[in-house]
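Novice: Here the sequence shown is numbered in this note's numbering, starting from 567 and rising by one per residue.
If you are wondering where the hints come from, they were derived from the structure by calculation, not from laboratory data. Each hint can be trusted.
Cβ-Cβ distance ranges computed for the label pairs, FRET-style:
id	residue 1	residue 2	range
1	S669	R733	35 to 45 Å
2	G697	G608	27 to 37 Å
3	S797	E742	38 to 48 Å
4	Q572	F736	14 to 24 Å
5	V780	R806	45 to 55 Å
6	G608	V780	42 to 52 Å
7	I732	V633	39 to 49 Å
8	G608	T770	42 to 52 Å
9	I732	G608	34 to 44 Å
10	V741	G591	14 to 24 Å
11	V777	G679	47 to 57 Å
Just so it is clear, CB atoms sit at the ideal spot from N, CA and C, and this is done for glycine as well.
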Amino acid sequence: MNDPAQRPFYDEYAWAYDLFIPPPGREQCDFIAGAFAARGAGAGSLILDAGCGTGRHARELARRGYVVEGVDLSPSLVSEARRLAAGAAGRDDAVQILPDSFSVGDVTRLPAGGGMDGLLCRGVLNDLLDGRSRAAAFRSFAGALRAGGALVLDVREWEASARRKIREPFFERTVETARGPLTFRSETRVDPGTRLLLVEERHTLKEAGGVERVSAYDFRMRCWTREELESAVTRAGFGRLEFFGAYDRATPAGDTDRLVCVASRA
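Generate the whole structure from the sequences, applying the supplied hints.
Specialist: So, in structure tokens, the structure goes:
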């Protein structure tokens, strides 16, 4: 597994994460809330956001009446989630999530006890590179959920992700920040034999006085096939599986480079 504590996006540049990653759209959050509600976890239910990042999905679910807790392996992202939750609570009384709702935690070692009505895991599972850690994550999800609890997750689908990264290996974007212009650049290579995406990232911050600070990081992501995901979810004791190509029921699985899965703990 990659170490998020070493990845600049999750550590020294956690404060700029939301400047580069688009916020969750209303339709996406409506889908997630609807998937939970359809499986018996409506407003007022306890939801765990496993791999919560800066807490944007957790805050949106809280706006919809859910009681949300978030965990993430990156202390810097958790700190940012707490800061943003404190600010949101001060501006918007509808946001019912406290800063201490976020904590540092590993999705493969969630507290067991079956207290959660629903669990959301977005993108994190691509960082698990071997079968043992992947199986551990789903056992951890099952242990955190009550019987009948709902699971909503997404991963990178291998074939479409490989095609896209072969076609578009480079990404670059510059944003203006209070600390100066920050440029994020990535290059991705594809290893078909292992279903790995080999990613080289580079952050360049131009500070006042012309000082340039550069942080580089190389890491790997392992994509999923639908068959592998279905097997892992089923072996962990989940049923009633549904698959989509986005957080949109009108997008079939296979139409995009994302694979969204909705399931229930048996």
